[in-house]
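S.K.: Protein chains in written order, with the working numbering: chain A, 1 to 270; chain B, 271 to 663.
To give a feel for the contact side, a few chain A residues facing chain B, derived at Cβ under 8 Å:
1) Asp160
2) Ser162
3) Leu163
4) Glu165
5) Ala166
6) Met168
7) Gly171
8) Cys172
9) Asp173
10) Val181
11) Pro184
12) Leu185
The hints are simulated quantities; they were obtained by calculation from the structure and are not laboratory data. C-beta: ideal position from N, C-alpha, C; glycine also.
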Amino acid sequence: MRKIARLSRFNVASLALGLAFLYLPILILVIYSFNASRLVTVWGGWSLRWYHEFFNDRAMIEAAWMSLRVAVSSATIATLLGTLAAVALSRGERFRGRTLFSGMLYAPLVMPEVITGLSLLLLFVALNAERGFWTVTIAHTTLTMCFVAVVVQSRLGSLDRSLEEAAMDLGCDPVRAFLSVTLPLIAPAIVAGWMLAFTLSLDDLVIASFTTGPGSATLPIRIYSEVRLGVKPEINAICTLVIALIAVVIVIASLASKLSSSQGESVAPL
Amino acid sequence: MAGTMADELPNTHVATKAADGDAVAAGRPLLRIESVVKTFGTFRAVDGVSLDIKAGEFFALLGPSGCGKTTLLRMLAGFEAPDEGRILLGDKDIAQALPHERPINMMFQNYALFPHLSVRDNIAFGLKRAGMARVDIATRVSEMVALVKLEGLEKRKPDQLSGGQRQRVALARALARRPQLLLLDEPLAALDKKLRESTQGELMELQRRLGMTFIVVTHDQEEAMTMADRIGVMKSGKLAQVASPRELYEAPRSRWIAEFVGDVNLFDGESKLRDGHRLVIGTRDAGALVVAEPREPIGAGKLAVAIRPEKVKLSRRGPVSEAGHETAINRLDGVIADICYLGGTTTYKVKLDTGGTLQASVANSARLDVDAYSLNQHVVAWFTPDDCMVLQS
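With the hints as extra help, turn the sequences into a complete structure.
M.R.: Dropping the structure here:
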C-alpha cells in the first residue's frame, strides 16, 4: 500500500488554479458546443443541433477525414524514422560528426514553423510535386520525427547498456538482444512519441497551409477559414469531437504502455 | 567430480563438454590467455597479459580501479575484442567470437536484470535462447531457484527484490546455462558488509559443489583473499603477480604489491652484506636488519626490507627468553607514538630511536588490558630474519 501524503491547503489551491487555467476554457468550449442558440456567446438551452450540422457539412467532414489520415500516416512514419535515428545515435558506434547529426536532428524543434513550411513548399514546387495529402504527410513527418527521436533517445539514454550485454551473454545476437530486451523497455517511449506526433500533426495549421493544395484542406485550415468569416457554434462541436478523439488516443496509449511493461518478453504493439 | 556434476547438472553445452574433457586429460588449462593486448585510443588498457586458468579453479583478478581487470574480463565475455593475442578455451581460439557464441556467462556488477521480466523469466532467458524444451526449462529454473534459495519469489519483478535477492537472481541466471566458465564482475560490491561476508561463503560453497570455474574481478583484496584459490594482481594493464593468497601476502614480488595487499612496514636499503645464508641490509630508518636470503637471486636494483605489522612483536625488555636466536633477531628500540584499538587487534605505531616508525599489530588475547602499552612508553620491537621480506623497487 502506498501512503498518500496529505495535501496542504496551499497545494490544493495551486492544483485547482493550475487545472482551472488549463481546462476552464476547454470546458466552456465543450459546454457551448451543446448550445441551442445561433449566437456563440448567448446560452439558448441544451441541443445537439451543431453536431448535426457538422455531420451534414460535407466540406468539414472531408477536412476532418483528411486530417485524421495525415495524422495517422505521418505519426507512423515519424515514429519509425525517429526511433531508428534515436537508436543509431545512442547505440551505434561513435562516428565522425555524430554531435553534428544529433544537433541537426533537433533543429526542427526550434525552427519557426513558417520557415519549415516555406522551405518545404519551395522543395515541393521545385520537384514539381502535386500538393495534397502526401505533401502534407511528408511535411508533418519532418516536423514530428525529431520529437519522437528526442523522446526515444532520452529513454535509451537512461537504459543501462549492460542489459543488452547481458542478453548477448545469454545467447542473443545483437538484433535479437535489441528486440527482446531494448524494444520492450523503450516501447512506452515509442508509444508516447507516436501520440505526440499524432497530436502535433492533428493541430498543425502553419505547415499544412504551406504544403497543402487546392481541395485537400486539413481540419485546422478549414476551421481557420470558417472562423475568419465569424465563429459559428458548429466549430465548438468540431473542437469537442477533436478533444474527445485525443482523450481516447491518450487512454489507449497509456493502456498499451502499461500492458507492454507487464507483458514480458514479447514485443509491445506500437 | 566431473561425474557428479554431470549427474546433478546436465550440461547445456554438450559438444564443448567433450572438448573440455580432452583438455583436462591432456593436462591443459581450461582457459589460456596469450599475450592479450587491448588499447583504447593511445591508452593500453590491457598490456600483454598471459594467464592460464585450470578447470574448477576459483580465480580472482585484483587491482586498483583502472588497472585493466574489467577490460580483461570483458574480453573473456566477448564484449571487447583484443587487438593482439589469443584467448583459448579448450583448444579453440575465442578471441574474436561474439558473446553469444561462447560457453561463458557473466554476472554483471549492477546485475543487469531485465526489469520487464519476472525472476523466473530472467533465469529462463538464456535457456530459451539455447532452444531448450519447455519442460526442461521449467525443471532447470526450479533447480536454479532452489540452488540460490529464492523459492517463492519466482513471480516477482527485479524492482520488488532486495539487493541480496537481486544478486542471487543474477547468479542463478548466469549459472542456468551451465557455462564452462563463469565471470563475476565485482559480484559483492553492492552488498553491505555483513551480507557480503555471508555471500562470500555461499559463492565458494557453490563453486565447489558445481565444480565450475569462476573468475571474479574485484578491487577488494580481502574478498579476493577469502574466496580465490589463486589471485592475479593487475597494475597498469599488466599482471604484476599470480599466486595463491598466502604467497601473495607472505612473498609479494614487488614493493608495490606488498603495499597494495595488506599493511606493511617498508625500510629502504642502502647497503647489503652477506653473512652465511643471511643478508645484513643497512637501512637509514631502522639501522642494520638481518634478513633470510630470498629464494630468488636479487639483482643490482635498490632493495627494501618489508615486515608485516603482525610479525612484529613488542615487549618491554626485548626477547630475553628466545635463547640461541639472540644473534639473528632484529631488535629495535623506540617509544609508542600512536595507539589504534581495533577490537581483535591493536595497532601500535612505534617511533624508533633510529628515526623511522614501525607499525606493530598485536592480538588482544586477554580481555583485561594488563599487557597493553601506553603512549610514550619505551618498548622493544623485534622480529626474526625469516619474517622479513626483501623486495626490489
